[in-house]
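Chains as they are written, first to last, in the working numbering: chain A, 1 to 344; chain B, 345 to 633; chain C, 634 to 1064.
Note that these hints are calculated values from the structure, not bench results. Please note: incorrect hints may appear among the correct ones.
Straight-line C-alpha distance at most 30 Å; calculated BS3-like pairs for lysine-lysine [stated by the list, open to error]:
(1) B:K526 to A:K308
(2) B:K423 to A:K308
(3) C:K839 to C:K1009
(4) C:K1039 to C:K812
(5) C:K1039 to C:K704
(6) C:K701 to C:K733
Each pair of labels, with its calculated beta carbon distance range [what the hints assert, rightly or not]:
(7) B:E431 to A:W287: 30 to 36 Å
(8) A:W287 to C:G977: 36 to 42 Å
(9) C:G920 to A:W287: 37 to 43 Å
(10) C:A840 to B:L419: 55 to 61 Å
(11) B:M521 to A:W287: 28 to 34 Å
(12) C:G920 to B:E471: 20 to 26 Å
(13) A:V39 to C:P986: 53 to 59 Å
(14) C:G920 to B:F404: 53 to 59 Å
(15) C:R951 to A:R200: 58 to 64 Å
(16) B:M521 to A:R200: 27 to 33 Å
C-beta: ideal position from N, C-alpha, C; glycine also.
Take a look at the letters that make up each chain.
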Amino acid sequence: MIAYYTKTLYSIIKNDVLVLPSRMLVFFFIVAIICLPVVSNDPYLLRIIILACIYAIFTASWDLLSGFTGQMSFGHAFFFGVSAYAAALLNRHLHFPPWASIPIGALASVVAGLIIGIPCLRLRGTYLALTTLSFPIILLGIVHAFPDITGGELGISGLDRICRSRIGTYYIVAVSMLLSIATMWKLTSSKFGILLHAIREDEIALRASGINTTRYKIMAFCLSAFFAGIAGGLYAHFMRITGPSTLEVALSFQVVIWGVFGGIATIWGSAGAVFILFPIMEFFRFWPEFRMLIFSFIIIFILLYMPKGLLPWLRDQVEKECPRCKKKNISFRKTCRICTATLG
Amino acid sequence: MIFNIIISSLINGSTYALLAIGFSLVFGVARIVNIAHTAFFMVASYCIFLCTNILGLNPFAAMMVTIILTVLLGLIIFKIIIDPLREHEAAVLIATVALAMSFQETMLLFFGGVFQSLPYLVTGNMEIAGIRVAYQQLLIIAMAPLVLAAVWIFLKKTRMGLAIRATSQDREVANLMGMNEKGIAMMTMAVSVALAAFTGAVVVPLSVVHPHMWLHPLVMTMAAVVLGGMGSVKGSFIGAYILGFAEALVVFLIPMGAFLKGSVALSIMVFVLLLRPDGLFGVTFEEER
Amino acid sequence: MKKMRLFTRVCLSVCLILFTAINTWAAKEIKIGVIGPMNFTQGQGQWNGALMAADEINANGGIQAGNKKMKIKLIKADSNEFISITDAASAMERVIAYDKADFIVGGFRTEAVLAMQDIASDYKKIFLGCGAASKILCDRVEKDYDTYKYWFRVTPQNNIYLVKTNFAFLHMVATTIRKELGIAKPKVAIVGEKQVWVERIIGAAKANLPKMGMEVVGAWRPSQTATDMVAELAAIQKSGAHIIFTLLTASSGITFAKQAGELKIPAVMVGINIEASKETFWETTKGNGNYVMTISSHARNVEYNELTKPYLNRYIKRFGEIPTYTAGTYNAVKILKQSIENAGTLDSDKVIPEIERYDEIGPGGRISFNKSHDVKWGPGFITSLGVQWQDGKLLGVWPNQWRASKEAPPLTYKGIAPFKLPPWMIEKYKK
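Sequences and hints are given; from them, build the entire structure.
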């Protein structure tokens, strides 16, 4: 029995995973994420990876909305902040444990998604971008207006930990990250994802074919808000404080930068970008004055030479598509691995 | 009281208007959302600071030098970064955000996070209806309509202006008609950046110079532009005054809520957009539906 | 494609291991992490203060911990806390976990310091706060002593004491106005940032200023990040205030003072204006900040005690300016030295009782901590100064014959100058 499953697993890995560099890397990435605490239980390293995981969920959720439907959101921190505050309030005042407050926070963020999403349906392009930009700023005003509830600029501190030990926290966050990304990836490669692509490319044509684009746009808003909310809740409980910084314009810009850097409309690209850029930023700490400067130059450089994003560009370098069956192949193969057609 | 509100809103509104005109111009013609617009404004302020405080030039000479240098910088940036990316709208957005950040960090590196300030172009004050107003503030109020008029004349009366208007209506056809579309975009960028530098010289003496000074005006400028309708210079001008008025109203009517002035102004913008998705005077472009 | 991820991670791990290795080599030192926004004046003040203290101690041979003489090694940690709280927390964890700091001083923005406090208590490292004023930080010690006992605040005073100090300022100014201009009930306009610490001050001001013979004509609450205050200034002029009670910590303090000075508004600005306590203020406002009064920890002309003058001279000679309040890291490092020597060990749990017992005179006054690990305030302890800009000079003007209570003896520090009203105000109101 065990031998059978091992064999099946082995054949899946051999025949489906190890044939393409991209799949190989995803596989190794997952293994690395799971095995990391075995190699090193350095709390600082774990902290960086935990934060990278949280931001990866957040960036992927931005990609789900903005990359796929083209509804450029410049205020994604709104969802992050709403959920972080909701989770913090529930935890602090009603003593909800993190496993309850994080999902409820994410639901609060879905409501926020509806509140923003419905009025924004009529807006397009830059108008939408700038309208979404203003929502977190408006909310920031409200946060400051009720310091008794929100703590004003001090935020809400002393939240419960996700888990007592750092390694436990790491696994909870890492598994939530893998699950969220997998869900989003699966979702976007289904029919739903194709519809979202279509909304971006030509919404009117889609409506003419009898598809209720409004419903799909609202769904995209809600789903994106939900995952951003998960990230926000995890962040609040990991940092153990929620403050106005979760709503700042800088965070909204940051997520857009990560998303575009990694390649929009891919999910894996934007998540991968966080795992590259976030540790790099930490790495440059030995050179604090130049940290942000190098960061912005990297972004400009990537945009100039790889406008599709870094990871899709890399993928195009190592893989090519079979002209007949449209399957991906490693670039040095002469013939397709499925249909044996000659590759160009 | 009403008169005081009007004076304050004129000062605020003119500041936003000066920035919004340039921002709107470059969007309307070249379809470039230049997030770094206020970052050019910040760089210009530092340039003036350098000229007046360290080289000891007089403020007007410093202003001239700064406008020239900033335009040069703008053109280089356009050539190297913005032009190759113009086809991807999102990429331009991000590139200009990154650009603004790199400007901010460069200034932080050279000048540190210390607050600096610029000398007034004109000093002194006068009393209008029980409220003292500095000459510098009157200058700002006067400059905004003047700049608008200059831009209007430039667009309507000159050959270059005609070309710019033609391009802004239909880029492809203008290109087909043999106009140098790229050159026109570059020209517009130069005018827009020059306006940002000029605004720096006029407005910044009233406040402080520091590397993060671009963020707040950026949000308000974009709000003004969006409120007025993107691509419409007139619209952004009016949008700026509406926001300025809203801010002044908040401060005068609910002093304990003065911190809400930005939030209220943005809420007004959101509200207007819900009723008119293309802003007050927005132009819709058929090919961009 | 995702090779980069692995590569980055490998690189990162290698570097981190190297760091750790280097750190374990050099274990003959006491490492003190200085954490703060190093790109900004607040962080620079923290670094400068700590640097001076460490150099002085090292020049005298270092710290006698038990039977070992150890030198101090400072570690600079840029928290970037004005921009990102995440960065601030990561910097804190890095300085403890990688740089192996034994003690930490610094911290500025309260939201960031709250996160840092949690990390410091996780690692059981003593964290001496030198920048954040919120009382909430010390309330945590009182509520959950075992978790948060590692936190002490060396500077500034908490917001309750700030209220008392500011009321003393207002009392002095109102008395001067009554005496010189014959205005029986001076009008006060309050301009305070929308911040939690200001909340309490404004509440107290509205309740108590009428009792002190002043009239509150309004309170304006701009946001901390506000860059222009045109409308606020116009509204205040309209209210006819004689005293503008400022509670500003950010750049708006400069903008406000600069515009008010240019307009020659017939009122005097008193209160907290952090920017005005810096010596660059005169140049930044182009002289328009004349007669602004604010709170500060030092002024060139004032001596709290015999230690003040040499300290100020050394500091000014080395850094070219008077120490701002975040340079209180100087005292923090001195406190650590004394407490480590008394405890004879670096063990946090043994050093804490020594810091709690600490009671010494420093260049800013007598330092001692109360039950919630907050620095004590009042005559005889730390009081801080009221300083006023008078024609290009930043002079200490308070406490001048100040009585903390009815029966307390009046307090005046050596070198205090008299408070002055702006001449344009005298011109306007003097009949």
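Hint-by-hint comparison with the structure:
no.	hint	in the structure
1	B:K526 to A:K308	23 Å, holds
2	B:K423 to A:K308	20 Å, holds
3	C:K839 to C:K1009	26 Å, holds
4	C:K1039 to C:K812	21 Å, holds
5	C:K1039 to C:K704	48 Å, violated
6	C:K701 to C:K733	19 Å, holds
7	B:E431 to A:W287: 30 to 36 Å	35 Å, holds
8	A:W287 to C:G977: 36 to 42 Å	39 Å, holds
9	C:G920 to A:W287: 37 to 43 Å	39 Å, holds
10	C:A840 to B:L419: 55 to 61 Å	60 Å, holds
11	B:M521 to A:W287: 28 to 34 Å	52 Å, violated
12	C:G920 to B:E471: 20 to 26 Å	22 Å, holds
13	A:V39 to C:P986: 53 to 59 Å	40 Å, violated
14	C:G920 to B:F404: 53 to 59 Å	21 Å, violated
15	C:R951 to A:R200: 58 to 64 Å	60 Å, holds
16	B:M521 to A:R200: 27 to 33 Å	31 Å, holds
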